[in-house]
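Q: Take a look at the letters that make up each chain.
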Amino acid sequence: MAIFSVFVVNKAGGLIYQLDSYAPRAEAEKTFSYPLDLLLKLHDERVLVAFGQRDGIRVGHAVLAINGVDVSGKYTADGKEVLEYLGNPANYPVSIRFGRPRLTSNEKLMLASMFHSLFAIGSQLSPEQGSSGIEMLETDTFKLHCFQTLTGIKFVVLADPRQAGIDSLLRKIYEIYSDFALKNPFYSLEMPIRCELFDQNLKLALEVAEKAGTFGPGS
Amino acid sequence: MSRQANRGTESKKMSSELFTLTYGALVTQLCRDYENDEDVNKQLDKMGYNIGVRLIEDFLARSNVGRCHDFRETADVIAKVAFKMYLGITPSITNWSPAGDEFSLILENNPLVDFVELPDNHSSLIYSNLLCGVLRGALEMIRKLRYTANA
Numbered sequence: 001m002a003i004f005s006v007f008v009v010n011k012a013g014g015l016i017y018q019l020d021s022y023a024p025r026a027e028a029e030k031t032f033s034y035p036l037d038l039l040l041k042l043h044d045e046r047v048l049v050a051f052g053q054r055d056g057i058r059v060g061h062a063v064l065a066i067n068g069v070d071v072s073g074k075y076t077a078d079g080k081e082v083l084e085y086l087g088n089p090a091n092y093p094v095s096i097r098f099g100r101p102r103l104t105s106n107e108k109l110m111l112a113s114m115f116h117s118l119f120a121i122g123s124q125l126s127p128e129q130g131s132s133g134i135e136m137l138e139t140d141t142f143k144l145h146c147f148q149t150l151t152g153i154k155f156v157v158l159a160d161p162r163q164a165g166i167d168s169l170l171r172k173i174y175e176i177y178s179d180f181a182l183k184n185p186f187y188s189l190e191m192p193i194r195c196e197l198f199d200q201n202l203k204l205a206l207e208v209a210e211k212a213g214t215f216g217p218g219s
Numbered sequence: 001m002s003r004q005a006n007r008g009t010e011s012k013k014m015s016s017e018l019f020t021l022t023y024g025a026l027v028t029q030l031c032r033d034y035e036n037d038e039d040v041n042k043q044l045d046k047m048g049y050n051i052g053v054r055l056i057e058d059f060l061a062r063s064n065v066g067r068c069h070d071f072r073e074t075a076d077v078i079a080k081v082a083f084k085m086y087l088g089i090t091p092s093i094t095n096w097s098p099a100g101d102e103f104s105l106i107l108e109n110n111p112l113v114d115f116v117e118l119p120d121n122h123s124s125l126i127y128s129n130l131l132c133g134v135l136r137g138a139l140e141m142i143r144k145l146r147y148t149a150n151a
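Those protein sequence lines, which keep their order, are chains A and B. Going by this note's numbering, 173 is the number at position 173 of the first sequence; the sequence numbering is gapless. Going by this note's numbering, 127 is the number at position 127 of the second sequence; the sequence numbering is gapless.
Check each hint, because a few of them may be wrong.
[Said to hold, decoys possible] Pairs of lysine-lysine residues, derived as DSS-like cross-links and limited to a Cα-Cα distance of at most 25 Å, are as follows:
| id | chain 1 | residue 1 | chain 2 | residue 2 |
| --- | --- | --- | --- | --- |
| 1 | A | K183 | B | K46 |
| 2 | A | K172 | B | K13 |
| 3 | A | K211 | A | K11 |
| 4 | A | K11 | B | K46 |
| 5 | B | K13 | A | K11 |
Hints are computed from structural coordinates only; laboratory data are not their basis. Nothing here was measured: the structure is a model prediction, and the numbers come from that model.
Okay, chain A solo, but in the shape it has when bound (with noise of 0.2 Å):
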């Protein structure tokens, strides 16, 4: 999967729409038995490996999974604390799924307004005029697109680095959003994208352009 996430940031700083199109990478599955020769740590309302990193399981990395079973934050789907079912004997074998935790939707909330604050520092900063914001961030691992529309709403996309196209791909999430989310008579405007059409017409075009791009030349 070349484009990981998209984001959509309205004029205030609120995310209205996000999905990730990644596959989950890095995600260790293995059966334990008493004792379990990990440490684990509640963090954040998260549980982590603190110690014991081997085969695939990381530092860092969250339990996903007991037994099949998703876990989210300190309590599994079915309502059992994790680190107490750890703590006792009689579950066990037990089989435990580790992997990169992912981004609450707070937390993606809270970064989408951080990058609208940096976006407009970023045009403060300017030495020049009538600077546009950031446009691109760079790391090792992915690359952040981002198109502001003349009416303030942004367009936030995470790709790897190698992804050609971006620019024609956040042009047509814009007429995708101006067509199935505006159109919308029952959509308000500012508010959470919650439309079935604009999902799915994305997901296509995502799709698209991952097949187009990785094999152009670069946009």
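Keeping the supplied structure of chain A fixed, place chain B upon it in accordance with the hints.
A: Chain B alone, transformed into the frame defined by chain A:
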């Protein structure tokens, strides 16, 4: 009128008569509901405003025009690009005020008013006030000074 050719698989053509009839039905129903021309004008303006705030994004997404540098450029874009795109007509820009901050758009063949004659008892009704609302809504969305825009 037809939708933009770059829009996708088919370009749908719609009868402009249906469009004229729909708008006419809308205005006459409003006249029956409100009975007072001023109120009808206000409602049309409100409806136009709600259309305008959404239409502006569609316009910007499809037409790729950048930020206009002065009011004359704005007038040109409105008349030659926007009206052409949505109604298929190009109004003329006249009557510039001496300060350059007001102008008039004259619509020669407005599709909204095909076959329409205003009767005497609705003399203060602005039949195409929807278009005024659309312009107001659309321009307000890009007028807002955000801290990222240049001063």
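Q: For each hint, tell me whether it holds in the structure or not.
A: So, going through the hints one by one against the coordinates:
1. With a C-alpha separation of about 17 Å, the suggested pair A:K183 and B:K46 falls inside the 25 Å cut-off, and the hint holds.
2. Distance restraint check for A:K172 and B:K13: the Cα-Cα separation of roughly 23 Å lies within the 25 Å cut-off, and the hinted pair is therefore satisfied.
3. Taking the CA atoms of A:K211 and A:K11, the gap is near 31 Å; set against the 25 Å cutoff, the hint is violated.
4. Distance restraint check for A:K11 and B:K46: the Cα-Cα separation of roughly 22 Å lies within the 25 Å cut-off, and the hinted pair is therefore satisfied.
5. For the given pair, B:K13 sits about 34 Å from A:K11 by alpha-carbon distance, which is inconsistent with the 25 Å threshold.
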